[in-house]
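Participant: So you can see what is in the structure, the chains are spelled out below.
2 protein chains.
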Amino acid sequence: MSDIPIEFESWKKRISTELARELALRGESFGAIHRLGLDASSRISRFAVGGKMVRGGLVCVGTLLARADVPESAFRAAAAVELLHSALLVHDDIMDRDALRRGTPSIHRQYAEMGRLDEVNEPDHIGESLAVCLGDVAFFVAFEILSSLDAPDHLRNHIVGLAARELQFVGVAQMADVYRGALRFDLDSNSGGTGSDDALRVYLYKTGRYTFSLPLMIGSLLAAADDGLVPSIRELGESMGILYQIKDDEIGLFGDSEETGKPTGSDIREGKKTVFITELLSRASDADLSRFDSIFGNQEATGDDIAWVLELIERSGTRGAIENLGAELGVAASRSIDSIGSGGRNGIRLIAEMLTYNSSRIR
Amino acid sequence: MSDIPIEFESWKKRISTELARELALRGESFGAIHRLGLDASSRISRFAVGGKMVRGGLVCVGTLLARADVPESAFRAAAAVELLHSALLVHDDIMDRDALRRGTPSIHRQYAEMGRLDEVNEPDHIGESLAVCLGDVAFFVAFEILSSLDAPDHLRNHIVGLAARELQFVGVAQMADVYRGALRFDLDSNSGGTGSDDALRVYLYKTGRYTFSLPLMIGSLLAAADDGLVPSIRELGESMGILYQIKDDEIGLFGDSEETGKPTGSDIREGKKTVFITELLSRASDADLSRFDSIFGNQEATGDDIAWVLELIERSGTRGAIENLGAELGVAASRSIDSIGSGGRNGIRLIAEMLTYNSSRIR
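Sequence order for the protein chains is S and A.
Sequential numbering of the first sequence, starting at 1, is according to this note's numbering.
Sequential numbering of the second sequence, starting at 1, is according to this note's numbering.
Please keep in mind that the hints were generated in silico from the structure rather than gathered at the bench.
There could be a bad hint or two in this list.
Which bits of chain S does chain A cover? Going by a derived footprint, with three or more residues having C-beta under 8 angstroms, they are [unchecked claim]:
id	region
1	28-36
2	90-100
Computed beta-carbon distance windows for the label pairs [to be verified]:
id	chain 1	residue 1	chain 2	residue 2	range
3	A	SER29	S	GLY341	28 to 38 angstroms
4	S	ARG116	A	PRO263	27 to 37 angstroms
5	A	LEU100	S	ARG345	51 to 61 angstroms
6	S	ARG335	A	SER29	21 to 31 angstroms
7	A	ASP96	S	ALA287	46 to 56 angstroms
Note that the structure is predicted; figures quoted are calculated from it, not measured.
Backbone N, C-alpha and C define an ideal beta-carbon position, used for all residues, glycine too.
Starting from the given sequences, assemble the full structure and let the hints guide the process.
Facilitator: Given below as structure tokens:
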């Protein structure tokens, strides 16, 4: 295990400590309202510390773009960022009907089970309702933390405003994602622009700006980075984020099942509308599309069906086009790194190490 | 209409203008992500300006506790407070399965209808999912506004932190409310404390501190009130809020249908667990409770049944006990007003006028 970036492991510990401390602090006042309050603070704490903490880690990396060590305040900021992300996941799991998250039942399933034990009416609905509330509470805890970071007042305000703004975009991108998932394709691509544009915009906001740019920017602001650096840091996050997401999609399609942890073709059987799929739709012939339609999103699709779709993605030039896009993003990222200067190269090395370490999906 | 407090009407206009402006500002960037983004900004704008704006009005009143006129910044803060409240209502309506809000379909129903027109899979689930997202987006817009109020940095931070903290409590109180509504009574009262204590705690956090104290405190902070005033203002809000909620419950039970806008007994037929009901449960005999159980929450209950419950609430001493509590709260409010000083008496007059003007429910 000598290739593990030691820093990141120690950061994760520090971030977990901050998370647990912030939520334990609130347990008493929450518990004074109702027994569910104390339960809520420990439930979201357990959930949040179970994450991979890529975003929290990126807050730490962000500080290193502008200074030589990670300041104390970064771990508390990272805890807030992880809590914001946990809140989004709690809500997303309701929308996606995900029963499992991080190896345990998702929060709405946990609450539904509690409700069943207490013989409430409509335990599934109560489970979802309590999970909506818990997500909301976690958002508010995170904003309270950001508003009270150990930093000058104007920086705290800047950070709160930045997080609030980017989360608006994430919320809208999530709406787009939910709706795209539920729409028939033709309706979606008729909505202006191509389906690929829509998919890439969602990647830009959900992965690029939110997962990468926002934590890096928060970290660099905490490290009192030169204002001139901030746009380059945002751009770096955007390119890296989209590139990461495209690679993740590619591995999901073409990676072997050992790499993805899922059977080959499961993204196709689940009907996951990645940019590879939206791009394919604009390139394939009607005859190919007709067979594709019968396979995509079909849990009964055979190994031959899956192999045919993968071959179609190659043959139609889809994979090549997206690999070209990936190369362009790599060039853009490299340009941003150059303009960040000396901290940039170190930062990108850390990001690369962190992502390699977290080689499976980053949610 | 000469008894309408003219100030409040003009405040509402100013707050509505700020709300519409803030959301229109975001329409373009939201729309650049997906067509649902532009739709979201106008949808939440319409929803928010349709409210009674009691909380926004209380921000304005809060400024008058410390200065002679309402500063510009108060209207923008009030818009943020109204937006936070709209977001909570959007989420609450999902939990309560409310199909109507402010005279039009609730947000999740609006989205479900849109989904049905677009022939999406599971339109009801998509409607709820998009409404969860829209509520989240509205929270974030509100926090961005609060972080950028025209006020010194330390005050903005203080206001963001205060709002974030009180909203955590509201979220926990909402969890309690949801769960209490779904639990059988005996389980709930076995959970420590009496059912009335639980009900009053929910009133304290959801109506007292959130609806009354928070907006008043935000206003007074914006008006740069003496720090010594802030605890008195919080206490004033707590007493007024619980008192208001108790009166609202009492009108819901004993008011005539013209006053409540609902048929007599509808709170009983709906099984609304107000503090009158939780108090009654600790006072009534087993025989009375047994008949009560067959009526409460029963949509088929007759006029005689309802009359019997109302008589039981009187006969058991429940109504008297709660009226005594109301009187104590009135004394506490009056003490808080005295310690606020000259602005206090003016403030309470404005609050009273505003509540009279908004004589039906304040949600």
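Participant: Compare the structure with each hint and give your call.
Facilitator: Against the structure, the hints come out as follows:
| no. | hint | verdict |
| --- | --- | --- |
| 1 | 28-36 | holds (count 7) |
| 2 | 90-100 | holds (count 4) |
| 3 | A:SER29 x S:GLY341: 28 to 38 angstroms | holds, 29 angstroms |
| 4 | S:ARG116 x A:PRO263: 27 to 37 angstroms | holds, 34 angstroms |
| 5 | A:LEU100 x S:ARG345: 51 to 61 angstroms | holds, 58 angstroms |
| 6 | S:ARG335 x A:SER29: 21 to 31 angstroms | holds, 24 angstroms |
| 7 | A:ASP96 x S:ALA287: 46 to 56 angstroms | holds, 50 angstroms |
In summary, this structure violates none of the numbered hints.
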